[in-house]
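Asker: Sequence:
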Amino acid sequence: LMIIQIIIGFTISQIVEYKALYLIWIGISFFCLGGHFSITPTIFAKLFGAKTGSKMYSLCFFLMIPPGIIALVLSKTLYKSIGYGKIFYITAGVTCVGLFLLLFFKQNR
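The opening position of the sequence shown corresponds to residue 1 in full-length UniProt numbering, with each subsequent residue numbered one higher.
Hints in this document: simulated from the structure, not taken from any laboratory.
Quick reminder that beta carbons are idealized off the backbone N, C-alpha and C, glycines included.
Treat the hints with care, since some could be wrong.
[What the hints assert, rightly or not] With a cut-off of at most 30 Å between alpha-carbon atoms, the simulated DSSO-like pairs for lysine-lysine come out as follows:
no.	residue 1	residue 2
1	Lys55	Lys19
2	Lys46	Lys86
3	Lys86	Lys76
[Stated by the list, open to error] Between beta-carbon pairs, the in silico distance windows are:
no.	residue 1	residue 2	range
4	Leu102	Gly34	12 to 20 Å
5	Leu23	Met56	33 to 41 Å
6	Ile82	Thr42	32 to 40 Å
7	Ile28	Ser75	16 to 24 Å
Based on the sequences and whatever the hints tell you, model everything.
Answerer: Printed below as a string of C-alpha cells:
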C-alpha cells in the first residue's frame, strides 16, 4: 500500500488535468488509507498479543491526532508559498521514509 501511495503522491500533480484519472487517483488514495486502518489492528495483535495489541492500537490511534493537526496547519501554511503539487511531493517523501524504516524494522519472535 505504501508503494501505491508513493506513486500517487509523485504523480497526482501531473494528472490533475484529466478529471477521470484524477478521480481514480483519489479513489486509490482513499483505498490505501482504508487499507492501513484495516491492516494495522492485526499487526498490533501479532506484535503485542491480542489483549495488549488492542490497547496499543487504541493508543496509536489516539496519538494520530497531534500529527494530523500539525499536517493541517503545515499544509495550509505551505499551500500559500509552494502550492498543493509540492505538498504531495512532501507527503510522498515522508511515505518513502516510512517505507525505508519499515524495511529495516525487525520483528522479534
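Asker: If a hint holds in the structure, say so; if it does not, say that too.
Answerer: Checked hints:
no., hint, result
1, Lys55 - Lys19, "violated, 42 Å"
2, Lys46 - Lys86, "violated, 37 Å"
3, Lys86 - Lys76, "holds, 13 Å"
4, Leu102 - Gly34: 12 to 20 Å, "holds, 19 Å"
5, Leu23 - Met56: 33 to 41 Å, "holds, 36 Å"
6, Ile82 - Thr42: 32 to 40 Å, "holds, 37 Å"
7, Ile28 - Ser75: 16 to 24 Å, "holds, 20 Å"
Checked against the numbered hints listed earlier, the structure breaks hints 1, 2; every other hint is satisfied.
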